[in-house]
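Novice: If you count the sequence shown from 1, position 2 lands on 30 in this note's numbering, and the numbers rise without skipping.
Among the clues, some could well be false.
What the hints assert, rightly or not - Under the rule of at most 20 Å between Cα atoms (straight-line distance), these lysine to aspartate or glutamate pairs were calculated in the EDC-like manner:
#1 LYS65 / GLU116
#2 LYS147 / GLU131
#3 LYS41 / ASP74
#4 LYS38 / ASP55
#5 LYS65 / ASP32
#6 LYS49 / ASP32
#7 LYS58 / ASP32
#8 LYS81 / GLU131
#9 LYS46 / GLU31
#10 LYS78 / ASP63
#11 LYS38 / ASP63
#12 LYS81 / ASP55
#13 LYS58 / GLU127
#14 LYS49 / ASP63
#15 LYS50 / ASP63
The set of hints was computed from the structure by calculation and includes no laboratory data.
Predicted model, so just to flag it, every value in this text is computed and none were measured.
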Amino acid sequence: RQEDTALLAKHLKIPLNKALKKYTIPDPDKPGVLDFKHIKPCKFYDPAAKGCKLYSARPWSCRIFPFLGIYGSEDRVKVNESCPGSVETMKALTAAMEEARNERLSPGAYSYEEIRAAKVALRSALENV
Numbered sequence: 029r030q031e032d033t034a035l036l037a038k039h040l041k042i043p044l045n046k047a048l049k050k051y052t053i054p055d056p057d058k059p060g061v062l063d064f065k066h067i068k069p070c071k072f073y074d075p076a077a078k079g080c081k082l083y084s085a086r087p088w089s090c091r092i093f094p095f096l097g098i099y100g101s102e103d104r105v106k107v108n109e110s111c112p113g114s115v116e117t118m119k120a121l122t123a124a125m126e127e128a129r130n131e132r133l134s135p136g137a138y139s140y141e142e143i144r145a146a147k148v149a150l151r152s153a154l155e156n157v
């Protein structure tokens with residue numbers, strides 16, 4: 029997300045073009061989309077403090093870690109399996125979705141519009157994380 033790079037540049041007090049060059053790469057599958065470079069270990073992780081050096085300006089992908097959004101898809105999420113909590117959360121979400129599907133087949137189930145409105149509200153809440 030371009031706003032992630034702008035926030036990073038502002039936090040590091042460097043020009044946006046320098047942040048783009050140093051920390052992003054073009055996505056080979058999506059023309060015009062930039063990905064953050066995968067630098068391991070993370071360049072911004074401070075082992076002494078056991079935390080992120082730019083926590084308040086961290087990119088969206090770091091904010092939602094270990095859940096990794098799949099761009100271009102509103103109904104898919106990828107999970108970093110190294111985090112047991114995220115795996116358990118995904119199992120719970122999957123069970124809840126299955127229950128919602130079953131309820132949808134019964135009278136009085138949520139309408140498509142209600143489910144879509146709930147997704148929009150969830151996305152909005154996640155953007156404020």
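Novice: Hint by hint, note whether the structure agrees.
Specialist: Against the structure, the hints come out as follows:
| no. | hint | in the structure |
| --- | --- | --- |
| 1 | LYS65 / GLU116 | violated (28 Å) |
| 2 | LYS147 / GLU131 | holds (17 Å) |
| 3 | LYS41 / ASP74 | holds (19 Å) |
| 4 | LYS38 / ASP55 | violated (23 Å) |
| 5 | LYS65 / ASP32 | holds (13 Å) |
| 6 | LYS49 / ASP32 | holds (14 Å) |
| 7 | LYS58 / ASP32 | holds (18 Å) |
| 8 | LYS81 / GLU131 | violated (45 Å) |
| 9 | LYS46 / GLU31 | holds (15 Å) |
| 10 | LYS78 / ASP63 | violated (25 Å) |
| 11 | LYS38 / ASP63 | holds (18 Å) |
| 12 | LYS81 / ASP55 | violated (26 Å) |
| 13 | LYS58 / GLU127 | violated (35 Å) |
| 14 | LYS49 / ASP63 | holds (11 Å) |
| 15 | LYS50 / ASP63 | holds (12 Å) |
Against the hints set out earlier in the document, violations occur for numbers 1, 4, 8, 10, 12 and 13.
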